[in-house]
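Enquirer: Next come the chains, spelled out residue by residue.
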Amino acid sequence: MTTAIRAPAVSVVPGLGARVKDAALAAFVAFVLLAPILGMETVPGPDGRLTLDFHFDLVAIGALGVFLGRLALSFALRGRPLARAAAGPLSVFVSRYGNWLGVAGLVFALALPLMPFSSRYVIDVATTLVIYVMLGWGLNIVVGLAGLLDLGYVAFYAVGAYSYALFAKWFGLGFWACLPIAGVLAAVAGILLGFPVLRLRGDYLAIVTLGFGEIIRLVLINWHEVTGGPNGIADIPRPSFFGFPFTRNPGEGEIAFHQLFGLEFSTMHRVVFLYYLALALALVTNLFVLRIRKLPIGRAWEALREDEIACKALGINPTNTKLTAFALGAMFGGFAGSFFATRQGFISPESFTFIESAIILAIVVLGGMGSQIGVVLAAAVIVLLPEIARELETYRMLFFGAAMVLIMIWRPRGLLAHREPTLRLHPRPGGGGS
Amino acid sequence: MAYFLQQLINGVALGMVYGLIAIGYSMVYGIIGMINFAHGEIYMIGAFVSLIAFTLLGMLGVSWAPLALVVVLLTAIAITSLYGWTVERIAYRPLRGSFRLAPLISAIGMSIFLQTYVQITQGAKIKTLQPVITGGFTFTDASGFTVTISWIQILIVLLTLVLMAGFTWVIAKTPLGRAQRACQQDLKMAALCGVDVDRTISLTFVIGAALAAVAGLMATLYYGVIDFFIGFLAGVKAFTAAVLGGIGSIPGAMLGGLVLGLAEAFWSGYFSIEYKDVAAFTILVIVLIFLPTGILGQPEIEKV
Amino acid sequence: MLEVQDVVARYGAIEALRGVSIRVERGEIVTIIGANGAGKSTLLMTICGDPRAASGRILFEGRDITHLPTYDIVRLGIAQAPEGRRIFPRMTVLENLMMGAVPTDGSHFEEDLERVFALFPRLRERRHQRGGTLSGGEQQMLCIGRALMARPKLLLMDEPSLGIAPILVRQIFEAIVAINRERGLPILLVEQNAYQALRIAHRGYVLAGGRVVKQGTGRQLLADPEVRAAYLEGGH
Amino acid sequence: MKTPILEVEHLTMRFGGLVAVDDLSFTAFKEDVTAIIGPNGAGKTTVFNCLTGFYRPTTGQLTFHGHFGPVLLERMDGFRVPRHGLARTFQNIRLFGGMSVLENLIVAQHNELMRASGYTLLGLFGAGVYRRAEAEAVERARFWLERLGLVDRADWPAASLPYGDQRKLEIARALCTGPRLLCLDEPAAGLNPRETAELGELLLELRDRHGIAVLLIEHDMSLVMRIADHIVVLDYGRKIADGPPERIKRDPLVIKAYLGETEEEELPPEVAADLAAAEGGS
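Chains as they are written, first to last, in numbering that gives the first Met the number 0: chain H, 0 to 433; chain V, 0 to 303; chain G, 0 to 235; chain U, 0 to 281.
It is worth saying that the hints were derived from the structure and are not from the lab. Since this is a predicted model, take the numbers as computed values, not measurements. Fair warning: there could be bad hints in the mix.
Stated by the list, open to error - Some chain V residues near chain G, calculated using beta-carbon distances under 10 angstroms:
(1) M163
(2) P174
(3) R177
(4) A178
(5) R180
(6) Q183
(7) K187
(8) M188
(9) A189
(10) A190
(11) C192
(12) G193
(13) V194
(14) D195
(15) D197
(16) R198
Said to hold, decoys possible - Estimated spans, in silico, between C-beta atoms of each pair:
(17) H/R18 / V/G60: 41 to 47 angstroms
(18) H/E263 / V/I125: 46 to 52 angstroms
(19) G/R74 / V/K172: 22 to 28 angstroms
(20) G/V212 / V/P250: 49 to 55 angstroms
(21) H/V31 / V/F270: 22 to 28 angstroms
(22) H/L422 / G/A53: 32 to 38 angstroms
(23) G/D71 / H/G68: 28 to 34 angstroms
For each residue, glycine too, the CB sits at the ideal point set by N, CA and C.
Model the full assembly from the supplied sequences, consistent with the hints where possible.
Expert: Structure representation (structure tokens):
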């Protein structure tokens, strides 16, 4: 893809009067937009008919905010466009010290449960974060490397989760037996979907994958006999430490984890174990992606993203190559899904809505497509910000949506957009392009 | 037979609503080649503005239905169009000519934002509107089955047909419509002809939003219940309709909407109501595979 | 009339124009010749503001138009018959001509239409046919006709002979001369068919690698041995 | 006696009502640089697209004498064509712009490397077979980079190269697929005279030293007339001439349809007067 940087806009610096006028206009538009929806809340009245609660104070505040914001923005930008060219200082820094950052991050992640501030809550949030990172890395194969826009990634996550739950419940298989099954089933789902649709144009593919995600969810809701319908599946077997369960009182002939190591029983053991389990899965995903990027198939994915026609002219089979990306991405989604099921012990279709797909996609795209560290950065932003602002729970998705728009405008290629070649003819210093 | 007729009527009414939303997708896609993911939310906002306007009129004591309808229709169109315009200005225009996925991601963000915005300001509960228009025609056939055409269904069909006719005329005969078509066929050349492309694109969003507002009003009247989440499914289905009919083609969007509405009505009538949404998505997948340019779409020759 | 001063323009990372200066005076046919990729078409598009000049200035009738949006430039009186003709394929011939008239106030529409039909009688016959169904030569006539409908003060033409039957090429060039002569309309003509272009041009520029490498009157360039070797004689 | 490498027989390609190529037959020989010339829109690129599997010809037979003996190209999937030893470049350069120059050349050796990586499985575990194959691929890339003078820029993103170098890189990439026949679509477009001359040298060297036949679409007659052994002239999708350059140059049909009259025609009197006036004035 050619870097389509918008032509440098002309710096026509407007005068103060023009700016105030422009801001006033924006405020007026905001007022009209906000007046009905924010200003008049429909509430059921005493007789059951709807009446309105008026909040015009909020509308006024909103319009004023827009006025001031617009004015401030016009001074801050001085006629320049908001969008920036791809590689910023952050990208360059990360590309230079990427390996060190990775090692430092890994050490921190490994040591986290030992840190003094590591409460159960911290570990839980960290586990969630790690799972999103893993999902991001998995989807990165499909979107970042192969350039296939998948809006239904959560379907594979769901396939993994339900496969784990069903196999564990009905066949009594343990986590380590179910994990590969879940991965394989998700990959098969990926192939089944991919086979007919991978020939489609980019944005059509996006909508079809979205439709597929919804089909899976609707099937989960309506196929009561197998999936338990909207109630989901409860009492999914919890993971054990290679056969040693994390229970206070193990069953006949079983030895519990704390007995094995002669520890006091603590519910933290399982939490920490789950954390390390998630971390291990995520690391496997990362190693896999790092490795495969440097193999012919990985390069073919990237080449396909850049120019499919040129790929054909070089003898690359586009359909098979895309299908591999789709299947492998789905497989990691399946792994993550089975971890999700065992961690929660309960799954229902509600966990697999489109919004989840959007969040994972946002992590990949905001991170900078194809960038592994970018995924971590973006996942941290997206998972941790709402946690920090817990009391703003209701506003979380509002910020989330707004952030997606703003980051795209600010950096259309994501936070970290620098790409390092997968192999070099000349060693690092001296040959750096750009 | 009567049952069949009833499903047919329901399907046509439903299809008209889908068609109205689908036109917005189709036009925006035709002109700038992006899927306006937030279009479903624009429809949802149209429904809410209608609901609020009805409630306000009720509180003001306006009880004559035709007057209320006209006022609500105009209000919904005006405010929803402004939403459409603003969304384009904020979330899409800065990204024009940018990296391919950027506007789509931005649109998804916008969609989430608008959905949450309405959820927060209006509450997450389902809103029920007192029926504004009731009654209709009822026919009974020899075996005792009845077929009902409600006034609302008639209104939906009539209003949609009028809008379609008017709109087709605008596109076909006025300078405005010509500029719009020129932009669809060749954005660069349109600019070289002196067309203000940015303005025309804004206008496209405004027209799409206005039609979505009408669809929102109709849905509110038809179902009587709405919530902040109705935009997502309606949006995806309308997009399906647009693709089905051949994206970029306005009669195609209407036709696609009809086909989808009928398919859904018959599917729920004869097979299973639970899987009616699955039916819509399945149709989408099948159409894209076997008829990638839709029923009335223009075939594309791959340039090498 | 038109003055391009040291203009640089890029497409993505590729620098297509590296400091080009040309001018067009009233009533002139000025031609620009050069190989594929020399920047000829980019020059015409840059005059119309797309891509925008990264540096340098463009003056039209003494007014700086470098930073104006395309539609304003066009409304000032610069019409273009662009490369590849760019007929609106799903509009009729008449509608295409109406699009050409967008920059005008519409009061002379019928009159202008008659003049275009007089110039290209074929278009009158086909006025209700869709643009996409015309032959290459007819599309070129429509393309020129559409540009004339704007009542331009300056006409930019990009390779009007491209992919046209030889017999039609002649007709098109005759039309160009006629337009210039009858209306005194200055024309900036980009051509690969250097021979034909230089024959009718008052002055010409040779563009190579995004720079002007030669300029002179049409006859001077026609007679120039280097120009002959590179662009005229099919190489010997 | 020359050996044929590509035999085109009665090739016709229609798009709807438009006949882009009309009953075209010619043979390209292994020892030759064959050029296809003709006015824009004459159907030259369409011929390439039929050869390389991007279009399915309406009728006709295309026999290519590839690595594994003669094969028919007209019904072959595009991505299978290169495996038989037919590589092409594009009129509008199609590089993998975000990937480095070297990576572009490695991707060109995809199928061999896929096999060496055990279809990814062996490669995933770092097998020596794959590492050796990759090193060989890099060496092959280095060879062509050195030949084309791009070796210093091997680690640059392809899109950051100047235009002329991008053209060269696209040729190098096609060469890395190990072709018997190289099809070039206007390779000299946008090159300056010096670069064009170098390109001519390269193509002759491919023919003489590497035994790679060349099929060339080109507008630059100075290049074509200098290096082509055999020229096919198309006009309106039809072949109007076929032969060595000396004959083509003199062919009245070709002159009329394409090359143009080289002797000065009579100028229309008013233009002549005008020209004289303009000259006098300046």
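Enquirer: List, from low to high, the hint numbers that the structure doesn't satisfy.
Expert: 1 and 21
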